[in-house]
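Visitor: One letter stands for each residue in the lines below.
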Amino acid sequence: MNERGLFRKRRPPAGSVPGTLSIDKTEPFPKINLISFSETEFLEREALNPEELVKHTFEPGKVSWVDVQGLGDEKTLRILGDIFNLHPLALEDVANVPQIPKVEEYDNCLFLCLRMIRIADGAIMSEQVSIFISDSFVLTFQERYGDVLDPVRNRMRRGAAIRKMGNDYTAYAIVDTIVDNYYSVLEVMGNSLESLEDELIVRPGKEKLKELYDLKHQLAELKRILWPTRDAIGQLVRNENAYIERKTALYFRDVFDHSMQAIDMLDLYRELTSELMNLYLSSMSNRMNDIMKVLTIISTIFIPLSFVAGVYGMNFAYMPELEVKWAYPIVLGIMVAIASGMLYFFHRRGWFRKY
Amino acid sequence: MNERGLFRKRRPPAGSVPGTLSIDKTEPFPKINLISFSETEFLEREALNPEELVKHTFEPGKVSWVDVQGLGDEKTLRILGDIFNLHPLALEDVANVPQIPKVEEYDNCLFLCLRMIRIADGAIMSEQVSIFISDSFVLTFQERYGDVLDPVRNRMRRGAAIRKMGNDYTAYAIVDTIVDNYYSVLEVMGNSLESLEDELIVRPGKEKLKELYDLKHQLAELKRILWPTRDAIGQLVRNENAYIERKTALYFRDVFDHSMQAIDMLDLYRELTSELMNLYLSSMSNRMNDIMKVLTIISTIFIPLSFVAGVYGMNFAYMPELEVKWAYPIVLGIMVAIASGMLYFFHRRGWFRKY
Amino acid sequence: MNERGLFRKRRPPAGSVPGTLSIDKTEPFPKINLISFSETEFLEREALNPEELVKHTFEPGKVSWVDVQGLGDEKTLRILGDIFNLHPLALEDVANVPQIPKVEEYDNCLFLCLRMIRIADGAIMSEQVSIFISDSFVLTFQERYGDVLDPVRNRMRRGAAIRKMGNDYTAYAIVDTIVDNYYSVLEVMGNSLESLEDELIVRPGKEKLKELYDLKHQLAELKRILWPTRDAIGQLVRNENAYIERKTALYFRDVFDHSMQAIDMLDLYRELTSELMNLYLSSMSNRMNDIMKVLTIISTIFIPLSFVAGVYGMNFAYMPELEVKWAYPIVLGIMVAIASGMLYFFHRRGWFRKY
Amino acid sequence: MNERGLFRKRRPPAGSVPGTLSIDKTEPFPKINLISFSETEFLEREALNPEELVKHTFEPGKVSWVDVQGLGDEKTLRILGDIFNLHPLALEDVANVPQIPKVEEYDNCLFLCLRMIRIADGAIMSEQVSIFISDSFVLTFQERYGDVLDPVRNRMRRGAAIRKMGNDYTAYAIVDTIVDNYYSVLEVMGNSLESLEDELIVRPGKEKLKELYDLKHQLAELKRILWPTRDAIGQLVRNENAYIERKTALYFRDVFDHSMQAIDMLDLYRELTSELMNLYLSSMSNRMNDIMKVLTIISTIFIPLSFVAGVYGMNFAYMPELEVKWAYPIVLGIMVAIASGMLYFFHRRGWFRKY
Amino acid sequence: MNERGLFRKRRPPAGSVPGTLSIDKTEPFPKINLISFSETEFLEREALNPEELVKHTFEPGKVSWVDVQGLGDEKTLRILGDIFNLHPLALEDVANVPQIPKVEEYDNCLFLCLRMIRIADGAIMSEQVSIFISDSFVLTFQERYGDVLDPVRNRMRRGAAIRKMGNDYTAYAIVDTIVDNYYSVLEVMGNSLESLEDELIVRPGKEKLKELYDLKHQLAELKRILWPTRDAIGQLVRNENAYIERKTALYFRDVFDHSMQAIDMLDLYRELTSELMNLYLSSMSNRMNDIMKVLTIISTIFIPLSFVAGVYGMNFAYMPELEVKWAYPIVLGIMVAIASGMLYFFHRRGWFRKY
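Residue numbers (our numbering), protein chains in the order written: chain A, 1 to 355; chain B, 1 to 355; chain C, 1 to 355; chain D, 1 to 355; chain E, 1 to 355.
I should point out that these hints are in silico values taken from the structure, not numbers from a laboratory.
It is possible that part of the hints are untrue.
Quick list of in silico lysine-lysine cross-link-like pairs, DSS-like style, CA-CA up to 25 angstroms [what the hints assert, rightly or not]: (1) C:Lys-210 - B:Lys-210; (2) B:Lys-247 - B:Lys-62; (3) D:Lys-55 - C:Lys-208.
From just these sequences and the hints, can you work out the full model?
Guide: In structure tokens, the structure reads:
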């Protein structure tokens, strides 16, 4: 999730025909991958063209996961829309990213729109994953090549329990993996927060403040992803629908719990960042007090002393004290007395106490 | 939306008969335009008078969109109210702008009240659009000439899919275009926010603060438009009513999603502007610390030194040090030592560290 | 609404018998006015005594609006309670002002409790209006003589549409006029807000702050009136009840909309006053920075220079520089150099930039 | 309500058998009073022992109000629990104070738990009143001797309307009196608030701040009492239950209204105290600005002048100005010019304006 | 609850097969304890192996509480899962701590997930307790050896009332004891709060601030435990389910009340800590004002005096005052006058008043 994530939204010009796809041609060209399996059979094909795809999908008794990576070509998207009979408004949501995470039921399938967040090359990356679930296929669209779903693919390849389940379970496995990845991002943010916590008190400063602000910004955006994600999954759990069996709904309840926990962490972080801002302001106030105390102590001690010295630096012809033999040491003594008095006054006020 | 948008409201004096229209005669005179079409026929007429209008509307099997721009003449509004059989309270809502966006069902039609926001000549402009939807017509009232609906008109002229649909779909196209235009305004505000974000830290100052305050003001007003708009459209989606077909309701669900996304952006902006205020205050606090540090360092170094110089500027007759040969360089040395001690003290406190 | 409005509440001592009236005898003596009309007849009588009142009311087919102004006599209130058969708890609510605005249904009538706010002699005045609606009468109680309802009376006198409607419509006209008057108060507050907005930035100061605080106080009290008013009217709109016809309910929906818009304005004002407080604090922070900058610049330039002057004012016997011919101009030159260095330092830090 | 009210809670050690009573033996010994009456008969007995009590209660056709003051003896409480057949968990709630105000329905009675707040000897005192309402008795438990219910007892003694009503009405009279007493406490707090309002601006200081904090603390605790009280009473109004007749429910609705008004006042006070804190901070900021202005004006005027004086106090052998005849008055003139310039500069900046 | 409690969460890598247990082998090895009893019989066995366990459990007519302490061995957990027929997702929740407190119904049992908080060795410790309730057993899993449940065990050993009740009552006793222990932690926090309250005003400083921040952090985490705990128990109270009898549900209502009271205290503490932060900031502001006042008073008195002294220290050849006999005492007198004037000015401004 780069920092301006939600500021930049691809959408067709206002007033366009509904279903208009807003394609950015610099985005990757759609690559179509297929994994099709039953308990005994397993087929995996990469970079299919649409015609090949039709040949291998829709086999009864088999789970077909069609994974499209890249949204850079309108024609391919339209063809896929025709093959899988997708509603134009759903296809619009696939192409015009980012959408708010949501679930929508269409006549022939369930449409689930999520955001996949992962850490690639040290940076947080975010892309939309659109999932269509029907009786005969699971169809996913991703914005870019590469994703976090390899563990799911490996479980399919290994012939694990997942091979005995239906399309809905495959969808569950995908959603579960996407949600679990939110934790890794939250962990990165939690670490930033912890280090800020320590540094803001010891060495408050401008850059820390900017970091804190950026962290709040990221948490605010993440909140805007996590909350609707939770609601969408909650809808899957609660609502009866034709595409998710009761048995699998139990697993979705588990994902729902995970999303709740992620939100819980997020909320804690958000609360703590707000507190940190307060802490920072108080810290600055403390520093200012410290600085002012130093200035005030030095000034109030030496300004009166300098005045005394100034008086005896005057050039009046008749200043009888000047001729007195012990005047100089006496005046020095008076100065020491004034300084001591001042120091005692500050001591009484507790200005030397170390807080 | 000019800054005092919601402060200024046109309404008849309290206690007036309900249905009283509060007409501002300096507003543009109502201009009546008509677009009437079926799949095969298309008729467009501008600046009709009411009699001509009656001739061309209410043809069965045809969609008639009557668009009235300008609210500056009570008589014309009353005549139109009679022609289309509008409830007096609805007509009052048309004339006494601004109303809070809302939807109301009357016996013979659905009344939808929205605000159209657009950017004209660099400024944000806002006007009320009142939409009446019935089986036989779509009637819109706008406050001023000119609007954002030309893409819709062009789709009608081109003979696009819209020509095959009913009055409800035309209403949808209008509402959709109005809502999509909210994004353009949000984008302008997002840009202001981004530039403020950068500048408030680097060059905090009075004007930036006023800009931030004005931005918050605009966002607060926009919120007061977007939230009820979302509620009104949500009501259209949820409630069964006689004027919107189930098929078209699906499209309104799409508009509802868009309004949700606009609100989502708005909320993020509002949150960030609040954070910016905090950031600004912290920045100011930082600057103050910097300024005070400079003052304190200079003062605490030189005030004691000046005192020493003052002491040896006294004119006492018996000050034995004054006669000592190396006294002057020794005193200079002592001064250097004091200054160094102070500098070391500040260094130890970390006051020279660059934050 | 005087400033301590909600602090001062008239209520009988705790533990009194329910229905106890808490009468303040310095309040005006109840004045009973009657307007009774049908479409063709019209009767208006002022300052009736209860016996006369009975003679003229309860005529079938006629609307009777009995308006009682002043609550200063318990006996009169009790007699009226008997005549109109009011529940003791309702009569208690009439006398023990102020009540929170509310609607309550009794066996023989509907009881509506509102606050009338108006501007009289430049000050905001607030009093309770208690309205009883039954099939055969509309009965209103006001705290003081004089009100905002003259436009309603005039419509009745003129024989307008209102003469064709029932008691419920008369009640609507009264409620509508009361709610519309909230706008005039809001407008006054909006003007205060606007002027504070401008002044708090240009000339922040103590009195402005107190004004802002008082404005917030007034808005907080107004909120406590407007929200329950809205709820009460909303209850009239939603709930079926025997005293308001379906046709009139539509008009109440209009009043409900108006109350919503008043709340909307109020909320905006409240939000803006909060922002203003922040703005004020930031402004003060800005001023402080300005003041400190001036002090710091002057001090850091002249304190070192004074030190140099002090050194050469010392009276040591052996200070070789003092005898050098060009020493004086050289020292002056050094001083200029120090001052220039300081100025350059401040310039580099941007302290002379005008923010 | 003493300040640590909710911090100190008496409860048995964790893991105890449910129904364990946590008795503080220093609390007053339970004193059992009985008032029993019908419309014609009246019996009042104080300090009964349980055996005597049984003799006088449970008479059909009579209202019996058993009032137990003091919770300092477990045995007595247990015996009373047996006599009136109280559920062990209810008895636990009676003894283990404070409970959150609530209403609970048991098989044979209704259990209502409230807090009585009163002002005794100038301090706010708070104790729990547990009320059991059944068909044949009203049983109340109070923490300490003395209460606010004497007006109710007097009404019973006087043979007022209350003598014609049932147990439920007696319960109502008790609850009504307790709720009405909240106002007296709110009034005391309102007065504190008003005086703080005036003083915080004129003479802001540490003690005022502590007072404000304590007031907020008290309001926060009061909120924790009033809100659940309102909910509990609301439950009595809404829910049909066997122990409160429909006729009496109308009276409870009145109490509910009173509790709403108390909450309304409380909320206003809470809002205003928050504003006061802001006002205080702004006031401090104002003072600081004032102080700094004085310092800056004096310093920036005299520091440069002192520098000039310092220059001509130097002892260089060759300072030609020193010998010039009019040099001294000229230098004095320059000093006046510098000071005037500074003053003009401050005047231009508006530092002398009185805010 | 150590401070980073919710930051550290054990969970299997994203994309794992559901039901994967994330075991930390450094955690204690599971120790299986059994208490089995009927009204007449009582059996207690410690550190059983699974085979022994099977022998002693599932006896009809007996309550069997199987308590597993330590989660450090996957095989044992799996075996236990098989013995008691636990759903894989439930077992996953047992092992992958911490979970958010919740209740879930499975086909053969009720699963309740809570957090046990206790004070051990002066530190707050937190661990997850997973409770399975069925007709024939109560099964609990704890993270570590040692718990707060000994009072429950003792009641069983003593043959108290608990021996007459079923499995659901045993579960109640466990939950009740866990919830009651929250108070002890709240009490510790309340004490910290009270001491901070006193110290933050008298001796505000950096460490206090950090303490306050840490307290807020702890309260924020505790809130995240208490709220879902309340919801989970509330679910037990409201929902009919096969494992908790109506009679026992009444006891759970009591626990629910306790959890409400704990939340109530928590909320009060949270509110007060926020106020304390404000108080702290105000205190700092006060201190700053004090410091600045001292500096300003000293500076503004002596800086003008020093200037006067400086003037008469100048070495002009012609300064006629210098030769005047009484000039010196006159100048001293002027100085006293200036100082007195300044002091009077500060007195008038109220700077010497003690706030």
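Visitor: Hint by hint, which ones does this structure get wrong, listed from lowest number up?
Guide: Violated hint: only 3; rest satisfied.
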